[in-house]
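Novice: Please model the entire structure based on the sequences and the hints provided.
Top line first, the protein sequences correspond to chains P and D. In terms of our numbering, the first sequence opens at residue 1 and continues consecutively. In terms of our numbering, the second sequence opens at residue 369 and continues consecutively.
I should point out that these hints are in silico values taken from the structure, not numbers from a laboratory. Possibly wrong hints are sitting among the right ones.
Unchecked claim - DEER-style ranges, computed between Cβ atoms:
no.: 1; chain 1: P; residue 1: Ala212; chain 2: D; residue 2: Ala453; range: 51 to 61 Å
no.: 2; chain 1: D; residue 1: Met601; chain 2: P; residue 2: Arg62; range: 50 to 60 Å
no.: 3; chain 1: P; residue 1: Leu310; chain 2: D; residue 2: Thr581; range: 46 to 56 Å
no.: 4; chain 1: P; residue 1: Leu310; chain 2: D; residue 2: Arg390; range: 30 to 40 Å
no.: 5; chain 1: P; residue 1: Gln199; chain 2: D; residue 2: Gln683; range: 40 to 50 Å
no.: 6; chain 1: P; residue 1: Phe316; chain 2: D; residue 2: Glu576; range: 46 to 56 Å
no.: 7; chain 1: D; residue 1: Glu576; chain 2: P; residue 2: Leu12; range: 57 to 67 Å
no.: 8; chain 1: D; residue 1: Leu613; chain 2: P; residue 2: Phe316; range: 47 to 57 Å
To be verified - Covered stretches of chain P (chain D as the covering partner; in silico rule of three or more C-beta atoms under 8 Å from a C-beta of chain D):
no.: 9; segment: 86-92
no.: 10; segment: 120-128
no.: 11; segment: 326-332
A virtual CB, placed ideally from N, CA and C, is assigned to each residue, including glycine.
What follows is each chain in one-letter form.
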Amino acid sequence: MRRIAAQARKELTQLLRDRLGLALALVLPVALTALMGTSVSLTVTDIPMVIQDLDQTPLSRRYADAFRTSLTFRVVTLPPATSPERMLNRGRARAALVIPEHFERDLRRGRPAEAQLLVDATDSNTAQLTRGNAAQISRAFAQQVTGSRATPAIQTATRLWFNPGREPRKFYGPGFLVLTLSIFPTVLSALAMSREGEQKTILQVYVSSISAHEFLLGKILAGMVIGLTQCLLAVGLMLTLFGLRFAGDPTPFVAASALFVFCVVSFGSLVGAAIPNQAAAVQAVGLGGFLLAFLLSGLIFPIENIPAALRWISSFVQARYYVLVVRDAFLQGGGWAATWWAVLAIGAIGLAYYTLAWRSLRRMQVKA
Amino acid sequence: MGALFGGRFWALALKELRQIGRDRRLTISLIVPPTLQILLFGFALDSSVKDLRLAIVDESRTAESRELISVLTQNPTFRLAGAYATSDALGEALGRGRLDVGVVVPYDFARLRARGRPATVQVLLNASNANTAQIAQGYVEGAVAFLNRDLHRSRAAPVELRPAFLYNPGLVNAWFIVTGVFGTLIILNGSLVSAATMIREKERGTVEQLLMTPASALEVVTAKLVPLFVLLMAMVGLVLVVGRLVFDVPFRGSPALVLAACACCVLTGIGLGTFISTFARSANQTQLISFFVNPPLAMLSGGLTPIEAMPKWVQPLTLLNPIAHFTAIARAVLVKGAGLDVVYPNLLALVALASLFVGVSAWRFRRQLS
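Specialist: Here is the structure:
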């Protein structure tokens with residue numbers, strides 16, 4: 001036990017003396033979480049839109065005004081002698097509303113009036129949102145015009161749970177907390193381990209009385225101290241900048257965080273022990289830690305959308321389970337009942353990485 | 369210029385090419401990671417909202433309520449994930465993350481409808497993901513409006529909005545992602561590879577040998593840049609082929625324009641890598657510094673998420689991001705078939721950024737040589 005603590009203290013001292021390492025450990029994770037968590041969002045507001053009103057009647061102008069007053073659209077003036085398609089092609093507008101002639105006449109006569117909406121679908125998600133919003137505005141307008149006579153037979157009372165303001169940052173903030181914790185503790189521990197191999201200091205370790213388990217645990221303990229500090233800082237960000245609160249019992253989150261940091265630090269040590277070259281080890285972590293966590297954990301886009309041929313890989317990605325626990329802790333508040341299996345899965349993956357790291361550490365001796 | 373591309377330059381360029389050719393890891397790192405990344409990103413990142421788990425509490429149990437439910441689940445957006453006896457049970461399942469949407473049909477649904485009074489259906493949405501929630505809400509309300517219109521055919525004349533999706537009528541999300549990741553790939557791999565080749569001379573102390581040759585500093589720098597440029601352009605070609613063959617990304621505009629933008633982007637990547645390498649002392653430091661630079665560049669490029677959705681203060685910053693300009697060009701030219709008259713502001717910005725990065729890094733590299 002004393003040897004583990006001594007090993008951990010040595011690691012921490014070594015890190016504190018390295019300016020670049022310290023920046024990587026404390027400044028960058030917080031800055032990245034703050035920047036990306038607030039910047040990444042899929043819900044566009046202020047979609048630039050042009051309106052071509054071929055009817056030019058009071059009613060068609062009222063219809064156009066319904067779009068002008070919406071928060072989703074920003075109506076751009078259509079220059080004379082320019083077709084709406086041209087504006088879309090030039091990227092000046094993302095959507096175009098064409099109100100045909102006889103719009104008012106049709107409406108007054110009780111015939112369905114048609115309007116055309118052209119949507120730039122280069123970004124398919126924004127295109128879908130645009131269609132949904134435009135349809136909503138049209139429905140509201142139609143109800144207003146004809147409304148006094150008929151209330152719809154079926155009404156919906158929609159309640160938005162867990163994130164009533166539909167704020168994207170409340171969803172992406174916890175996601176980037178996970179991404180940050182997948183990158184930085186992993187990189188630091190991979191560096192610390194591969195340095196021993198690169199500079200052959202591992203030989204000194206072998207001649208000392210410390211055992212492989214003690215050595216590895218010492219390294220992991222130091223990594224966990226850093227990782228949990230980062231986690232604490234990131235949670236601070238969640239509670240302030242992202243306006244989140246613990247929605248329910250925070251104990252699953254605490255347990256999962258400790259296990260997750262153990263897991264990624266073990267993974268980092270495994271990479272470091274397997275690749276005794278710092279540059280290559282960082283690259284491997286970049287590919288393995290960052291890319292897998294980014295792509296296969298449901299961080300930005302849902303896992304269900306990944307084709308089945310690739311989706312099974314995500315079962316082995318610890319970040320996937322941690323994302324679930326973190327979002328549950330901050331948004332849904334399902335507690336242990338909802339997340340116990342995810343916490344267990346993180347622990348199991350961590351144990352597997354630890355065993356592998358221990359085995360490749362013993363092989364390092366042969367190589368060195 | 370004639371003097372620059374004289375015999376000495378070719379000798380040095382040949383030396384660089386041979387050195388790169390013998391470095392198997394470098395060649396592999398120009399082929400394997402970009403291909404893998406474009407495949408992974410294209411397949412794994414899909415923002416489309418479909419197969420949301422919808423559950424119902426049908427307190428009415430009548431033909432009318434079943435009609436409503438079938439209208440809701442006809443859509444590929446929702447998939448029926450079960451029925452619950454009470455709305456409390458539904459709420460609990462929603463809280464545990466087993467559901468995305470819950471619909472509660474009240475017990476007097478059919479009776480109210482028969483009497484011609486409005487019936488209210490409660491819709492519970494897990495809104496933690498704002499995007500999914502917004503699209504799901506749009507669909508539920510759209511489906512209900514559709515049903516209402518059927519019921520009211522005789523009475524109300526609604527406004528019918530006919531949407532038409534231009535450029536990507538099938539709403540293929542991969543087109544957005546592949547064109548978005550393209551620029552990130554060029555900058556990321558370009559800067560990593562060029563930083564690695566630049567730092568090698570420094571690490572191994574062979575800079576001395578370069579200085580002993582009669583070549584001028586300018587010749588040394590250009591001889592280093594040109595082979596890298598050729599290799600990275602080959603990588604660009606590879607990525608384009610994968611995008612075309614695997615993801616069916618359309619090539620509607622002029623290929624020359626795309627290649628020109630790619631060339632600028634490659635140069636920016638080389639410049640960035642060289643710039644990083646002049647600050648670092650060793651190869652692993654270049655790797656670490658690129659950790660500071662690359663993720664923000666990639667995420668704030670509009671490649672994966674729309675720039676318009678970013679906070680107002682971040683949006684002007686993307687004007688300084690070469691990936692953002694490249695992505696704009698790639699999307700406009702490849703998917704929309706736009707010409708130079710549309711993308712010239714982005715292309716000019718890209719040219720400016722490329723010359724800035726290459727210029728500054730070449731200047732710093734030369735200063736280090738002498």
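Novice: Just pull the numbers of the violated hints for me, sorted ascending.
Specialist: The structure breaks hints 7 and 8; every other hint is satisfied.
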